[in-house]
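Peer 1: Between the sequences and the hints, there should be enough to build the whole structure, so can you do that?
First residue of the sequence shown: 515, per my numbering; consecutive thereafter.
The set of hints was computed from the structure by calculation and includes no laboratory data.
The beta carbon of each residue, even a glycine, is placed where N, CA and C say it ideally should be.
Quick list of simulated restraints, FRET-style, between CB atoms:
#, residue 1, residue 2, range
1, 600, 569, 17 to 23 Å
2, 659, 596, 33 to 39 Å
3, 634, 701, 33 to 39 Å
4, 569, 651, 37 to 43 Å
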Amino acid sequence: MKNFLVKLSLILFVVVLIRPVSANVSLVVLGDSLSAGYGMSQQESWVGILQQRWQQTHPSIDLVNASISGDTTQGALNRLDGIIKTHQPDAVFIELGGNDGLRGFMPSTIKSNLEQIIRRLQEENVKVAVSQVRIPPNYGRRYSEMFADIFPEVTQTTNTLLVPFFMEEIALRPELMQNDGIHPNRDAQDDIANIMEPHLLQLLER
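Peer 2: In C-alpha cells form, the structure reads like this:
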C-alpha cells in the first residue's frame with residue numbers, strides 16, 4: 515500500500531508539472547501602435563479584447579501582446595530574442611512596417627528585417643503569419659506600391675501566412691478613426707478583433 519501511494523504521488527506530481535505546459539499554446543502579437551492600442555490601454559486594444567474573449571472560448575491559448583507604439587522592423591528585430599526567451603511562442607503574428615514606411619525607409623531594408631525576424635522564429639519552430647501593411651498614397655505611388663509589395667514577397671519566400679491588412683476595413687469609416695486619421699479608436703477595436711480572430715486561429719491550426 516505504501517509503495518502504491520508513493521507511485522501515485524509521483525504520477526500526480528508529474529501531471530501537475532507537465533499538463534499546463536503541454537495543454538497551452540502561446541501566440542504572440544508582434545506589432546506597432548495599431549496593435550498596441552495607441553491612445554488607450556492594452557486591455558482596450560483588439561488584442562486585449564481577444565485575450566478576454568479567449569479566456570472563455572479558447573482557454574488553452576495564451577495570447578500575448580508584445581506590440582509597442584512607434585516600433586519599426588529593426589526595433590522588433592532587436593528585441594526578438596528577449597520575446598522568444600520570455601514567452602516561448604508557438605506562433606507569432608507580425609504586424610510591422612507601417613512606421614518604417616511612414617519614415618521613408620528603403621523597401622529593401624524593411625524586407626530584410628522582416629525576413630530576419632521570420633527566419634529567427636522559424637529556427638525555433640514557431641509558426642508565423644505576417645500582416646499586409648499599406649501606407650497613405652501621398653507618399654508617392656511608386657514608393658507606396660513598392661512598400662505594399664514587400665509583404666506578399668516576404669511571405670512567399672519564407673512560406674508564411676499573409677493576413678489581409680485589417681485597417682483596410684476600418685480606415686474608410688471616419689467614426690472608427692482617431693483625429694489623427696491614422697489610428698483606430700476604441701470603437702474600432704471590437705471590429706478589428708472580429709476581423710483578426712479567424713486569421714489567428716488559422717495560424718495556430720497550420
